[in-house]
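Protein chains in written order, with my numbering: chain G, 1 to 365; chain H, 366 to 701.
Derived by calculation from the structure, the hints in this document are not laboratory data. Every residue, glycine too, gets a C-beta built ideally from N, C-alpha and C. A few of these clues could be false.
[Stated by the list, open to error] DSBU-like, lysine-lysine: derived pairs with alpha carbons at most 35 Å apart:
1. G:LYS27 x G:LYS5
2. G:LYS28 x G:LYS153
3. G:LYS5 x G:LYS132
4. H:LYS637 x G:LYS132
5. G:LYS132 x H:LYS695
6. G:LYS225 x G:LYS132
[Unchecked claim] Below, a sample of chain H positions facing chain G; criterion: calculated Cβ distance under 8 Å:
7. ALA428
8. LEU429
9. GLY433
10. VAL434
11. THR453
12. THR597
13. VAL602
14. ASP604
15. GLY605
16. ASP608
17. PRO618
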Amino acid sequence: MASVKLSGVRKAYGEMEILHGIDLDIKKGEFVVFVGPSGCGKSTLLRAIAGLEQVTGGTIEIDGIVSNDIPPSKRGIAMVFQSYALYPHMTVRDNMAFGLRMSRSPKEEIDRRIAKAADILQLTPYLHRLPKALSGGQRQRVAIGRAICRDPKVFLFDEPLSNLDAALRVATRIEIAKLNESMPDTTMIYVTHDQVEAMTLADRIVVLRGGNVEQVGTPMELYHKPANLFVAQFIGSPAMNIVPVEGSVANGVASVAPKGGRALSAKTESGMERLAGPLSLGVRPENIDLVDEAKALFSGTVTYAEQLGEVEILYVDIGAGEQPIVVKIPGYHAIERGRGVHLAPQKGAIHLFDAKGNAVEHQIL
Amino acid sequence: MTQQVITATITILIGVAGSILYFVGTNWLLDRIFPFRDGASPNAARNHRITTAVRPWLFLGPALLALGVYLIYPVFETLRLSLYNRDTTAFVGFDNYAWLVGDAGFRESILNNFMWLLVVPTAATFFGLMAAVLTDRIWWGNIAKSLVFMPMAISFVGASVIWKFVYDYRAAGSEQIGILNAFVVWLGFEPQAWIAVPVWNNFFLMVILIWIQTGFAMVILSAALRGIPEETMEAAVIDGANDFQIFFHIMVPQIWGTIAVVWTTITIVVLKVFDIVFAMTNGQWNSQVLGNLMYDWMFRGFDFGRGAAIAIVIMVLVTPIMISNIRRAKAETKGH
Ligand SMILES: Nc1ncnc2c1ncn2[C@@H]1O[C@H](COP(=O)(O)OP(=O)(O)O)[C@@H](O)[C@H]1O
Ligand SMILES: [Mg+2]
């Protein structure tokens, strides 16, 4: 029901600045995921939106109102913590009722909301239990239920699945996705370090690194058009292969070649000089084909092969001290360790990054 | 003097060496009688079992013996003494207890002890909790904590001496050296002999014990408060609770077990209170308590029967609290 707008948000603890000016526009009803490695400031940013941390610069607008000085309880937000943060001495019902009691809601209203939340999350049989008598997954649902009862305009999640085991994580992820569908007007901001969660849940993903926004976009935008090397390698599993290449420009056409390899011709509209000098070539494992020697860009020997049934993952050593190239080919090919293979990236799936690591928009000729 | 130091040193050395010798020696002997280490012995497994079963008892033996001699035996001896006459020459049955029921001094002590019980544990726990919460929020909290804790390091008699000065009384007109009377006079009132005013003097004595025990309560409760997950308080902030509501609805319930342990521990101290009353009023002006009454009969009246009977009463009062405390502590350690 509310938009969230961050302008130049900074946060410092003493001398150390953790967030370096974050600008972000979140539309009402959107599901936005903050993703990034541990310690990059995701939780800090989320807590700043919640009002649990005072920002040291910039403004936070919720629903068009500058909220920097509005206390957390008045911001229309609800938060689900990583540790669940249930009140251990209260029953499930009292946990969910606490916020409503603090705001002096009438009893019928409290009962109605709890009944509804418990119904959505299948918690009705457990309403009289204490948190310690619940499993991890049930506790997580109570934490979500407590947030639902507040009827928030903005829902905040801080790594809500990281304390669950793998099977439960997938199930709860699906529940959160359903919850999001059933509350189309509620804005949701979700923090995770797990790119799979980010890809599956998000309308838009915000990739953070070291207190800066690296890229904002839909999951497919990030996957197909990463803005820089960091995003390219962070999104997708196994990660994108990165090979150092050398570029040279002649007659308006750039020639890009890996060390001792065959050259590719490329063109760009964003200034041909960006394709000169040392570059990085990126290609995802699933976008590499096994080809004849004549068409190959790289050649090497398979050092390790994983057969997963529906796909086969090859680790190919191309020499020259580079990282092995990971190739994902569908089906079962019984390719064994030690075999020599020739590889070529699919044409439309090549990413080029300049010396600073920024993506260069281009066409391969 | 030098002689004493030398004797003390030698005693310590003999004690330590003796203990080491005992543990090493019995252990060696055990391994000798039930060998299992070399593996050659045919009964290695059985011997290993026996030694593991026997060793704890061997090592605990001296401690158990000392406990028996200095704790268990006196309990039964006191019980026996309480059933005999003043110099333990004739069995009198429950006469001493019957006398207690009718004795004005005993009734006064029970009443006073009851008042102490109502006021001191609650007040000390309350102030300790306040100190623990407030000192966590200020930059000089650690200094404040040390100051509050300091009285714990003073003996009850030492504390009484300090407070004797606080309550000191000089006739009206002369200079007051007691800070309380100095203050009262400064406000324009008559100075009072505080510890000689019946009924009220009890409370002036209680203040001393509260002053001492607040530090204890603060330290234990402060540790408990630190154990509360920060995120539960943040969740309460988001839920719209103010500082008071967070304190009473979120923090206090989470440390309730610790509060109860602190409260009962101080209760036991209160039931045994003796030194403060002994040093301040010696039970005069209606300030008698059970501990001091027992001392009076035992070591001033030399009536071992009555003294022992009072001791048994104190023990009976303390025991249930002790048991509930141990139960709670056990339940709490099991929970973790
Ligand atoms: N209260 C604090 N005082 C000082 N540094 C902090 C504090 N809270 C977090 N930090 C630092 O801020 C950085 C970002 O933390 P956080 O937002 O929790 O990262 P994450 O992305 O893993 O959630 C970390 O380096 C952390 O050490
Ligand atoms: Mg975090």
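**Item:** Non-conforming hints, listed in increasing numerical order
**Value:** Hints 3, 4, 6, 7, 8, 9, 10, 11, 16 are the ones this structure does not satisfy, whereas the remaining hints hold.
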